[in-house]
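Under this note's numbering, think of the first position of the sequence shown as 1, with each following residue one higher.
Keep in mind the hints are simulated off the structure, nothing from the lab. Errors might be hidden in some of the hints.
To be verified - 27 angstroms max Cα-Cα, derived DSS-like pairs, lysine-lysine:
{"id": "1", "residue 1": "Lys-269", "residue 2": "Lys-350"}
{"id": "2", "residue 1": "Lys-269", "residue 2": "Lys-357"}
{"id": "3", "residue 1": "Lys-345", "residue 2": "Lys-269"}
{"id": "4", "residue 1": "Lys-357", "residue 2": "Lys-345"}
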Amino acid sequence: MGVRGLFSLLAQDPSRFGEPWVLSSESKASTVIHIDGPALLFHLSSGKASPRLVYERTTCFLQTLGSSACRIHVVFDGVAHPAKRLSQIERMKKVAVQCDDDMQQRESKYRSSLVHPLSEAAMIEATHNLSHLNCHVHRAPHEAEQTIVQMILAGVDEDVIILSNDSDFFVYALTIKERRVGWVPLDTVRSSTPEEDEPDAAIVVTGWKYTWTRFQSAFFPNLQLSDSNHRDWIMTLVAAVASCDYTTTDACPAEYIVALHRARDVMIKSTVGGLRPKYQVNPTASNCVLAALRYLNQFTTTKQQTSWRENILSSLVQQKSTASIKKKRKSKSTSISKDGKAEVKQQQEKCLMAAWKWIHE
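Kindly generate the complete structure, drawing on both the sequences and the hints.
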């Protein structure tokens, strides 16, 4: 899934946040490609593909990439993260029911997105059979994206490409410093194969590569490239308030969700970088992301990470508290003492910080 609304925001003006990506068999580059296995599986399983067809599509896809890339790592999910375990079990039950309906040729609105239970095994086998092209299979302890980020951090490769339709990578991978990491959505990848009369012609793979450098110049021009901690925490908070996989699970405490919703409300209605009044009532997912990015930009000039986070928390909670107090005054409710206001503000800050850390970790 990824961060709700982020991909829609990027797609509105791709040239502002990314650049064309070209990989050619004529120029053997030192590019290392990390592929999100579950995303690739869903991408190649379109049209209710059988495991055999998935095997053939995987072979063709990786052979094309292997002719130009230095190494290819395909990473599959392992056991779900504890925070997502219940959600994954429910999803697996749903898929099992859909498969049963499909086998009995019943009508189902999910049939076009159905992935055969044996398709993952077919994709893994196809990848194993291409080891001579430096294609490697990895099984993550938990989620594939976490393992891919760890592999990039542990490696020495400077030119890294991530292929996935999951916008989570924009949050967790592109902010890695001292690496030229690009995220290329699978939906943008195209390839040109040689014609029969020109068998020696180059194989060219193209796509659209999103990079942190362009994204930062658009939204955080004052942020230094060396401030990796700032980038990491910024994008985590954007993901948290916009809604991501971890905020939609049963494992996310209810008080965290309330705190994040309050923070999002402040960002959307802020005069600093909020949305226009007509978009504030029922904002789209991409508008929520846009409001969060604009709002957080005002805090990027602070060099110390601790005070930077404290300033954000104080701003979000202070504005919400002030609005609540005004509302109570209008309803002629009992006034709140200064000590009471400070205590409420402190509790709200702690709750929002706990939610922020929970998503970050």
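Now the hints, each set against the structure:
At roughly 22 angstroms between alpha-carbon atoms, Lys-269 and Lys-350 fall within 27 angstroms of each other, so this suggested pair holds. Taking the CA atoms of Lys-269 and Lys-357, the gap is about 24 angstroms. The hint holds against a cut of 27 angstroms. Proposed proximity of Lys-345 and Lys-269 is supported: the alpha carbons are some 19 angstroms apart, at most 27 angstroms. In summary, the hint linking Lys-357 to Lys-345 is supported, as the alpha carbons are separated by about 18 angstroms, within the 27 angstroms threshold.
The structure meets every hint from the earlier list without exception.
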